[in-house]
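> Add 551 to a position in the sequence shown, counting from 1, and you land on the number used in our numbering.
Check before you lean on any hint, since a few could be wrong.
Taking lysine to aspartate or glutamate and the DMTMM-like style, the derived pairs with C-alpha atoms no more than 25 Å apart in a straight line are [claimed, not checked]:
no.: 1; residue 1: Lys808; residue 2: Asp601
no.: 2; residue 1: Lys703; residue 2: Asp640
no.: 3; residue 1: Lys866; residue 2: Glu647
no.: 4; residue 1: Lys605; residue 2: Glu710
no.: 5; residue 1: Lys722; residue 2: Glu803
no.: 6; residue 1: Lys725; residue 2: Asp640
no.: 7; residue 1: Lys722; residue 2: Asp640
no.: 8; residue 1: Lys866; residue 2: Asp601
no.: 9; residue 1: Lys615; residue 2: Glu662
no.: 10; residue 1: Lys849; residue 2: Asp828
no.: 11; residue 1: Lys725; residue 2: Glu770
no.: 12; residue 1: Lys605; residue 2: Glu790
no.: 13; residue 1: Lys699; residue 2: Glu710
no.: 14; residue 1: Lys850; residue 2: Asp640
no.: 15; residue 1: Lys615; residue 2: Asp598
no.: 16; residue 1: Lys760; residue 2: Glu739
no.: 17; residue 1: Lys574; residue 2: Asp873
No lab work stands behind these hints, which were simulated from the structure alone. Quick caveat, the model's predicted, so the values are computed rather than measured.
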Amino acid sequence: MLIENDEFTISSFKYSSGVEALKVHNSRGYLTFLPFEGLMIWEAVFDGLDLKMKNTFKQPYPGKQITDSYGPFQFHSGLLASGNPGSEDDHYAHGEFPLTPMDSSFVYVDEDTVTISSQVEYVKGFGDHYFANPSVTLKKGSALFDIKMFVKNLSECQEMPLQYLTHINYKFVKGAKITQNIPDRAFELRTSIPDHIHPTKEWLAFTDKVAKSGELINELDYLNHFDPEIVFFGDKLNEFVDDAVFEMTMDEKHTVKVAFNTKQFPDVTRWLMANSDLQVAAFALPATSRTEGRMAAKKNGTLIMLKPQESRSFKVTTGLED
């Protein structure tokens with residue numbers, strides 16, 4: 552036990568894999584953090600409901616890329632590249648950051664909030680050089696929490712690519728309904744097929760039907776439609792609203808939310824998948840661009856280039872509605 556007061560309890564432990572963790576409880580539930588591994592949120596449980604996707608990982612592992620430990624509730628995709636690499640890309644899926652060892656991590660506590668904040672300096676000889684500061688704030692009596700990322704290009708003379716997505720992996724609940732304050736016409740079904748996807752005839756027929764109709768899937772009804780994955784891209788959200796709000800009603804008592812500013816995140820990805828190993832309803836993944844790798848973003852003009860000493864900040868509010 553590290554800290555305990557009337558509202559919050561904070562404890563530390565280590566998984567058998569060697570990965571260190573912090574568990575932060577409030578009166579509604581808890582978050583389990585990996586403060587020295589990309590500041591992932593490994594678990595999110597509130598009002599007795601486990602919010603995280605079903606997956607095959609029983610614990611987190613150290614590694615070089617997200618596929619070495621693909622079991623978190625939330626991770627940071629980026630920062631030099633994000634998403635599935637294309638044929639011209641040379642980066643890991645979801646970039647270098649998700650499992651990056653942090654240099655330091657701090658816990659800030661007051662009467663109403665707890666913030667976990669981690670820091671890392673990334674540097675390569677003759678390459679990119681940045682400082683990143685992810686953090687998460689949990690409030691008193693609330694099952695909503697703020698996920699933040701600050702990144703600064705530390706180079707004195709060269710620009711740095713920035714491509715970022717907040718990857719939030721909610722559980723897949725059959726019959727769940729999704730709503731958003733963005734019109735359906737802002738979304739487009741992904742029709743490219745990444746290397747890790749092995750489509751069936753039924754899936755190809757279904758996705759062809761969806762693509763032709765322009766329909767956005769807002770209800771998790773037929774499970775066989777989501778094996779393999781279905782992905783939608785929402786583009787230029789800042790043309791519709793300043794602040795995007797996505798909600799998914801899991802049942803009569805539980806609704807989860809993802810909210811963000813569309814100037815920070817002009818794009819969003821929806822990732823839906825359900826089979827016996829992986830069941831996930833990542834209904835809103837705020838992003839700076841489509842998640843098709845760095846070169847695709849560069850060609851589309853959506854790859855951010857940070858000037859020397861320039862910084863960017865991002866914030867997402869998510870969790871179980873109060």
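> Does the structure keep lysine 866 and glutamate 647 at a Cα separation of 25 Å or less?
20 Å, holds
> Could you grab the alpha-carbon distance between lysine 605 and glutamate 710 and see if it respects the 25 Å cut-off?
Violated. Lysine 605 to glutamate 710 sits at ~39 Å, over the 25 Å cutoff.
> Between the alpha carbons of lysine 615 and glutamate 662, is the straight-line distance 25 Å or under?
37 Å, violated
> Given the hint that lysine 722 pairs with aspartate 640, does the C-alpha gap stay at or below 25 Å?
30 Å, violated
> Take the C-alpha atoms of lysine 703 and aspartate 640, compute the straight-line distance between them, and say whether it is at most 25 Å.
At roughly 23 Å apart (the allowed maximum being 25 Å), aspartate 640 and lysine 703 satisfy the hint.
> Please verify whether lysine 850 and aspartate 640 have alpha carbons no more than 25 Å apart.
Holds: lysine 850 and aspartate 640 sit about 12 Å apart, inside 25 Å.
> For a C-alpha distance cap of 25 Å, please report whether lysine 808 and aspartate 601 respect it.
15 Å, holds
> Hinted pair, alpha-carbon criterion (25 Å max): lysine 725, glutamate 770. Please report holds or violated.
Between lysine 725 and glutamate 770 the Cα gap is close to 8 Å, so the pair holds against 25 Å.
> Measure nothing beyond the straight line between the CA atoms of lysine 574 and aspartate 873; if it is 25 Å or shorter, mark the hint as holding.
With Cα atoms ~21 Å apart, lysine 574 and aspartate 873 stay inside 25 Å; holds.
> Is the straight-line distance between the alpha-carbon of lysine 849 and that of aspartate 828 25 Å or less?
The hint is violated at about 34 Å.
> Check whether the Cα positions of lysine 866 and aspartate 601 lie no farther apart than 25 Å.
23 Å, holds
> For the pair we were handed, lysine 725 and aspartate 640, check the Cα-Cα distance against 25 Å.
The given pair, whose Cα atoms are some 36 Å apart, is violated under the 25 Å limit.
Comparing the model with each numbered hint stated earlier shows that hints 4, 6, 7, 9, 10, 12 and 15 do not hold.
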